[in-house]
Structures are given as C-alpha cells and as structure tokens.
Amino acid sequence: MSIVANFDLYAPRLVNKEEYFVHGHRACQGCAEALAIRLMCKALGKDAVIINATGCMEVVSSLYPTTAWKLPWLHVAFPNSAAAGSGVSAALKVLRRKGKISDRPVKAVSIGGDGGTFDIGLQALSGAMERGHDLLYVCFDNEAYMNTGIQRSGATPFGASTTTHPAGPASTGKSAWKKNLTEIMIAHNVPYVATACPSYPIDFIRKVEKAKKVKGPAFIHVLAVCPTGWRCASEKAISMGRLASETGVFPIYEVVDGKYSLTIKHDKLRPVADYLKLQGRFRHLSPDMVKQVQERVVQEYNKLLDKVDNLHAWSELKG
Amino acid sequence: MAKRVGMEIALAAAEAVALCKPDVVAAYPITPNTHIPEHLSDLVAEGKLDAEFICVESEHSALSACIGASAAGARAFTATSSQGLLYMGEVMPVVSGMRLPVVMAIGNRALSAPINIWNDHSDIMSQRDMGWISIFASNGQEVVDMMIQAFKIAEDREVMLPINVNLDGFQLTHVVEAMLFPSQKEVEKFLPDYKPFAQVHPDSVVSMGTLGLPEYYAESLKARDEAMKGSKKVIVRTWKEWEKIFGRLYEPVMKYRTEGAEALLVTMGSMGETAEAAIDEMRSKGMPVGLVKLVLWRPFPFEEIRAAVKGCRSLVVMDRAVSFGACGPVAAEVRSALYDQPDAPAIVSEIIGLGGRDVLVQDFVALAEKGLKAKKGKQTEEYEIYGVRGS
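Keeping their order, the protein sequence lines are chains A and B. For what it's worth, the working numbering labels the leading residue of the first sequence as 95, then goes sequentially. For what it's worth, the working numbering labels the leading residue of the second sequence as -7, then goes sequentially.
One or more hints might be untrue.
Below are the DSSO-like pairs computed for lysine-lysine, each with C-alpha atoms no more than 27 Å apart in a straight line [as the list claims (entries may be wrong)]:
1. K192(A) to K13(B)
2. K187(A) to K40(B)
3. K177(B) to K164(A)
4. K187(B) to K194(A)
5. K232(B) to K187(B)
6. K177(B) to K187(A)
7. K232(B) to K187(A)
8. K194(A) to K177(B)
9. K192(A) to K187(B)
10. K304(A) to K273(A)
11. K177(B) to K192(A)
12. K181(B) to K194(A)
13. K192(A) to K181(B)
14. K187(B) to K140(A)
15. K187(A) to K187(B)
Hints are computed from structural coordinates only; laboratory data are not their basis.
Assemble the whole structure, with the sequences as input and the hints as a guide.
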C-alpha cells in the first residue's frame, strides 16, 4: 500500500499521541493558534521548556490555579520571551555542564504572538538570535493584538480593519503593508527559518522537529487564523489557513542554511479575493484595493520564487 | 588571616559575586556600574568563573534573562544603574512576584533629564515598591560583604525574594579601597549551593508566571509582603552569622557616636563615611551630635530606627532623592516611624548630593547646627533641597 496514496490513513500514525497542551483552556471557538500550539508541543515532545510572551495563549491557558500545560512553562511579560528564553537556554546549558540537572538535551522554546514578536518584542528577539542561543522561537501570528481586542500590529495586513486603524469614510483600514519578519530573521543568519500554518499540520510538525534538532537559534513563523479578530466563521479556521497559502498571501516555505524551498506548492495561485471576501476585516475593500493587494501578493510571491530558484545554501558559497 | 587587597570597589563587587559562583550573569553596559559585569566577564574569559555570561541587548533583557535563568534553577546575577534600572522596571515586580532570588548590584546614579551620570538615589527610589530587598553600602568592605550575604538572604526558603545591593556611583564604584576578601572555602561554607524551590525543567513540570485573577491576586501580594516583612529576621540572623565568622557586624540601622547626642544626622549610602568624619570633628569641639546610618531600606527597619533615635532632640534626615511635591523618601519613612511616638524628635528633612554634587564635611556641620536649633513638637511636611543656587 502506498503511503502517499493513503496519506490520510497514515498521517495520524506519524504524530505523537501524547498531549502536552490539554483541553480545558479558554481559547475562542475555532482558534487556530491553540491548535498550532498543541501540534507544536506534540512535535517537541517532553524535553522542552516553553517561555510564553504575554498574549492570548498565556491568558487562556494559565488561569491560576489551573494550567493547560503539561510541559514546563514560564511566562514573564510581553516583550521579552526571547530574552527570558535566552536565560532558560543559558541555565540549561550551565546546569547540565555542572551536573546540577540530568544530562540530556532539553530545548528552550520561546513563543509569542505577532505583537510580542513583530513589535514590542522585536529587540529582544533580534538580540537572542544574534547571540546564537540554543533557542527555538515560534511566532504565532494572528495579525493583530487579539488579546487586547483586535488592535493593529506590524503584522496586520494592508487594508485590514482593526480597532485602532478602523475602516471608515476617511480610512481604508491599515495603510501600511505587513512587515516581513521572516526575512529579518534570515538576515540574522539564523540557520533554520520557516513559515507554517496548522492548516498543514504534518508540514508544521516536521518543521518543529527540524528546528528542535538545530543546535542554535531557529525561528518559525506560524500563521494562526483568528476567527474572532478576522471576523470569519469559526469553522473556517482551517480552510482559511489553506486559502492564505493557496492565494500566495502566506507562502509556506523554509530556509535551511540560507537555501529557500517551498514546502507547500501550488501549480497556480488562486485570486486573493477568494481569501479576502470571507473575512469581515476586509469587507470594506474596494475593487481597486483588492487589485492593489493582488499585485503586491504576486510581486512578493515572485520575489520568493526568485530566491527559491537562485539563492544557494550558505555552505555552498565560498568564504 | 585574610589579606587586605587594594582594588576598585566595582571590581571588588565582581570578585565577591564570583566567590558566590553564579551560574548565569546577564548585563548591559551603563555607567557607573559597568566595571562590575566587565570584571565578571573577565573572570569567565580567564576560566576562573564557570558561568554563562549573556551580553544582552538591553537592561530589560538583562533582567528578563535572569528571570529565565533563575526560573530554570540557576543562581543569577545582574547589575545596572539609573535609566538602566528604569528600563528593567517592567520586569522588576515579576522577579519578586515569582519569588526568584536574583541578586542585583546597583551603581546608584541620577536620572535624566538633564542627563547626568553621577550619583544620587533617584534610580532605586523609583523602584522602591517592586518587592525587592534593598540594602545600602557605605564603603568597599561593606560592598564585598553584602554581595555575598545577598545570595544567602535571597535564597533562604523563608525569604525567596530578589535583593539589590546599592553602591553609590563613582563615590563607591570607582574608588580604590583596601578590602578583606573571604576565601572561596569560607564562602562555600557560608553560602550553600542554590537549591531551587521550583524550576522549569521536564523533570519537574511546573507552570510559572500564571494569570492571577482577582480571586487570587491579593493573596499572592500578601504572601510577598509577609515574606518581605519576615526577611528582616533572616537578614539579621545572616549578619550575626557573618560577624561570628568574619568579625564585621552589620545591623539594619548602624549608630555612630549617638551616645548623649542631641541632634542626629541620618544618612544612607556612602555619605555615611564622610558624615563620620564630620561627627568626629564636631564632637571634638563639644557639639552633642551623632550619626545614624540606614543600611536596610526594604524591609524598612521601623523598630530599629525608633530605638536608635530614642532620647535625641532632633534628626536631620539627608535624602539623595526627591519625591517631587511631597518629600525626601527616607525622611517620609522616618517621620512615619516616629509619628505617634511620645516625645518624638524634631525632623529636619534635607535633600542633598543630587546628581553627584559633593557633600562635604562643612555641609554636615551646617546641617547638624540646623538640627541643634530645631524645636521639638512642630511636625511639618517641610523639606529643603540643600545648597541650591538662587534659593
């Protein structure tokens, strides 16, 4: 029996059966971020420490005296999960060296939302990546400050209506384009950088497994569909993530040692309107603006394809 | 017998910290504390200290990294000054709220604006209510001793709170003094290995830094307050143990020639050393004056202050910070300690030595004379910023 032809039958067997992010947390219906975290934890296995920035996931999972975490978990503040993660990583290293903890590798994994990563936490993230700690950073990007009530962030896409940059007679929603954080991470010479989405669970799990094996910094940018903030039906959370990929709005790729490759490929991109029209945050967009988005998405996608086709792994380049 | 070694006090602080074998040091440069982490990084580079030294990109990350390290079970140290301490401000209460025994040296420095790198106590006063134990040194030997004591006090199971040891910028950090250093063996005997109460590690799965709703938040703060109040007992016990081993006594409030004094100066930090010289000079001229040095700032030693000033006619409290439109912070605490005491002394509140302005023997003399003239029974909220042009 072919594994490829019967993938759906085999896929569940490829996933860790243990649950480390358990039911009972208070995430909204259809929260793709909660799903992504559950999958990430499965991929990490038990030997990991999670350092969580303030945000939705910290709030919904850690109401004292309860916790949804069956992995060791630390929350410090909003802008510093990468810095606190640096400390955890350094402590694990030195305590292991001194024989004060058991002698096996344990991965420090910092996580944060787009606000805690693109905006207020960018400095700490940049510092941690530059220093080269053995630290995996996973950004769960739902494209606005959802925890505080859908305010605009550096990750909010062009045209989206948020509570701090709302659409109105004198406004068309966010007037700037989304920051390309993945490229910023690649510019730090991080050896493993990837984008992912829980709508492609096996792809995401494999990426977390790869990132965990890196002895040094690694970064994964996860698009986490937020039905509450995107004003879309909660049962669309998975298909919406797929649409983001199929339209080219959020290409899913990885960059290993500088070598780009698309891990989810589409023969032909669907029109962005298919993605935009299902979300209330884009309801006000005029045909002209949709066209503007379409052109930008294709241009960005082509820029990416150009890198996929033409850039070499750093190790292949002469020093 | 330990050998006396001449050294810059900032370097001595680093040597003392190294004797405590911290696992993780995270720091960011800011004058005037910088020589402390610099010297620790030297010791790591020379292979004399087995620690992870994290050169972070900001003070916010320095303290955040210490939180991560301490939560993972490491003994963690950082140092800073002035704006750097304020930049740490967001995470200062997180350290105490999570009951992590992080130790910090603060090379005290004025706050901007105007930008000024010299000493006063504005930095730590802004972080007064963050749940940290605060101790003030008045000379190099005290810095050495307090750095080592700090780890023991912070890590005591009855305490489990972070500590900052305050050493005045330049007046202490950049001054060379002769100091006694305990041996590595003596420190190891005095300070056992750090045994974390909880640690984020797969062998002891725990969630730290959880969300406290109104139903639980107050209990968490009450527990912290109880720990802070209770820490005084542990601090005094630790200091007594120190005296027994090393012969140098520390007390929450130190008295200098207070017997028979009518007016007492009250200082905190390095001013205390100059004040002693001033008191000697005044006593030799027959002036009935003495000195009270506040060593422990948080928890505030109310009882010890009351006992130390009993019977005197007036106090001149010398603050190195101003709470604009309200008070000198030390004077406010001393007033509160003495408020309903029968026959309480008059209190003269003087704010002095701001932004590194020298406080000379003649200044102490002028203020002691003012104290001797002060009338009892007239409690006011008045304070003066001393020696200011145009006033």
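Structure-based check of all given hints:
Distance hint between K192(A) and K13(B) is fulfilled; the C-alpha atoms sit about 11 Å from each other, no more than 27 Å. At most 27 Å may separate the alpha-carbon atoms for a hinted pair to count; K187(A) and K40(B) meet this at roughly 18 Å. The suggested pairing of K177(B) with K164(A) is violated, with an alpha-carbon distance near 41 Å, which exceeds 27 Å. For the hint pairing K187(B) with K194(A), the CA-to-CA distance comes to about 10 Å; that is within 27 Å, so the pair holds.
Between the alpha carbons of K232(B) and K187(B) the distance comes to roughly 23 Å, so the proposed pair stays at or under 27 Å and holds. Proposed proximity of K177(B) and K187(A) is supported: the alpha carbons are some 25 Å apart, at most 27 Å. Between the alpha carbons of K232(B) and K187(A) the distance comes to roughly 36 Å, so the proposed pair goes past 27 Å and is violated. About 20 Å separates the Cα atoms of K194(A) and K177(B), which keeps this hinted pair within 27 Å; it holds.
Proposed proximity of K192(A) and K187(B) is supported: the alpha carbons are some 14 Å apart, at most 27 Å. With a CA separation close to 25 Å, the supplied pair K304(A) and K273(A) stays within the 27 Å bound. Between K177(B) and K192(A) the alpha-carbon distance is near 18 Å, which keeps this suggested pair within the 27 Å criterion. This hinted pair checks out: K181(B) and K194(A) have alpha carbons roughly 19 Å apart, not beyond 27 Å.
Restraint check: the Cα-Cα separation between K192(A) and K181(B) comes to about 19 Å, which is no more than 27 Å; the hinted pair holds. Using a Cα cut-off of 27 Å, the hinted pair K187(B) and K140(A) holds, with the two alpha carbons roughly 23 Å apart. The hinted pair formed by K187(A) and K187(B) meets the criterion: a straight-line CA distance of about 17 Å does not exceed 27 Å.
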